[in-house]
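Participant: Next come the chains, spelled out residue by residue.
Number of protein chains: 2
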Amino acid sequence: MIPFFEYNWQVRDEWFAWCSRLPEEELVGPRTGGVGSILKTLFHIIDVEYSWIRGIQGKEDIVFGYADYDTLEKVRSLSDRCRGEVTEFLKGYGEGRNEKVVRVPWDEEEYTVDEVMHHLIAHEIHHIGQLSVWARELDLTPVAAHYVGRSLKTLFSN
Amino acid sequence: MIPFFEYNWQVRDEWFAWCSRLPEEELVGPRTGGVGSILKTLFHIIDVEYSWIRGIQGKEDIVFGYADYDTLEKVRSLSDRCRGEVTEFLKGYGEGRNEKVVRVPWDEEEYTVDEVMHHLIAHEIHHIGQLSVWARELDLTPVAAHYVGRSLKTLFSN
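Line by line, the protein sequences give chains G and B. Counting in my numbering, the first sequence runs from 8 upward without gaps. Counting in my numbering, the second sequence runs from 8 upward without gaps.
A hint or two may mislead.
Where chain G lies over chain B, by a calculated footprint (3+ residues, C-beta under 8 Å) [as the list claims (entries may be wrong)]:
1) 9-21
2) 118-127
3) 143-153
With beta-carbon atoms standing in for the labels, derived distance ranges [what the hints assert, rightly or not]:
4) B:G36 with G:K98: 43 to 53 Å
5) G:E80 with B:E80: 43 to 53 Å
6) G:L162 with B:G65: 30 to 40 Å
7) B:G101 with G:L162: 40 to 50 Å
8) B:F71 with G:G72: 46 to 56 Å
9) B:S84 with G:G72: 45 to 55 Å
Rather than coming from a laboratory, the hints here were simulated on the basis of the structure. Here the structure is a predicted model, which means the values were calculated and not measured. Just so you know, even glycine gets a beta-carbon here, dropped at the ideal spot from N, CA and C.
Put together the whole structure using the sequences plus the hints.
Facilitator: Laid out in structure tokens, this is it:
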């Protein structure tokens, strides 16, 4: 599980850098598919990850409103802030499957922690795939998505 | 690792079913981003997965040409065929990390088997994200991408 978070966060940071070279109007402008804009996609990925990670720990859901995070810097800063707490959780996660069953306030079903972790990983990669199409539609080269051939920074090095 | 393959293959099959309701010209028509068409994307996912899975086993690369798989039925049949061999490999994979270092003919770098497995999983999810944008551009509802809330069929049930 952990290497996928390392991958997702490295790719996410590369998208933040990519976005910083984009005019504001392209960042927030409406796009077809996904959650509808580049910035909203990044916000949504962070929001979903953070909510589920808190949810599986039985912590109260903290709801972020996109209206409060409508610039690249605000979203990037939200990402950094949430990442600290998610990293703390991941430190205790271990290698094996966690079959503990959890419930979260926004979903009627029960899932195992392991299922939620898979969900979060797939969720981010899926939305990043959407960004890559929008980038090409802007005639820009998207951030590379390959997993092999990138040096992943270990989450727990410090 | 295995649950991600179960997820990817279930989603892939749902895309095959989705594609079967699409006119041929939309399936093969040019799209912006990714590998350039819906059908080529599905072909590419299968081709990449199969090549790497053979590669990490030290088996000779079998190169498929898209020209030979230019219909939905041919691509779906290729998917089924390759899946059998990939499943056999996955049966022996186990739960832990496989740090064995491998080389493949199409890449100068060395990777661990574990890295390649991560690569394949992320690769398919990323490309499926691209399909979801193209679906919306066609005014169609894409296949759902969520991991939680779907009953995954166990790969090794038979």
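Participant: Are there three or more residues in the region 9-21 of chain B whose C-beta lies within less than 8 Å of some C-beta in chain G?
Facilitator: n = 3 at 8 Å, threshold three: holds.
Participant: Do G36 of chain B and K98 of chain G keep their Cβ atoms within the hinted range of 43 to 53 Å?
Facilitator: 48 Å, holds
Participant: For the hint 43 to 53 Å, verify it against the beta carbon of E80 of chain G and that of E80 of chain B.
Facilitator: 50 Å, holds
Participant: Measuring from beta carbon to beta carbon, are L162 of chain G and G65 of chain B in 30 to 40 Å?
Facilitator: For G65 of chain B against L162 of chain G, whose Cβ atoms are near 32 Å apart, the range 30 to 40 Å holds.
Participant: Counting residues of the region 118-127 of chain B with a beta carbon closer than 8 Å to any beta carbon of chain G, are there 3 or more?
Facilitator: holds (count 6)
Participant: Looking only at beta-carbon atoms, does the pair S84 of chain B, G72 of chain G fall within the given range of 45 to 55 Å?
Facilitator: 48 Å, holds
Participant: Between G101 of chain B and L162 of chain G, is the Cβ distance one that fits in 40 to 50 Å?
Facilitator: 23 Å, violated
Participant: For the region 143-153 of chain B, count the residues whose Cβ lies under 8 Å from any Cβ of chain G; is that count three or more?
Facilitator: holds (count 5)
Participant: For the hint 46 to 56 Å, verify it against the beta carbon of F71 of chain B and that of G72 of chain G.
Facilitator: 48 Å Cβ-Cβ, so the 46 to 56 Å window holds.
Checked against the numbered hints given earlier, the structure breaks only hint 7 and satisfies all the rest.
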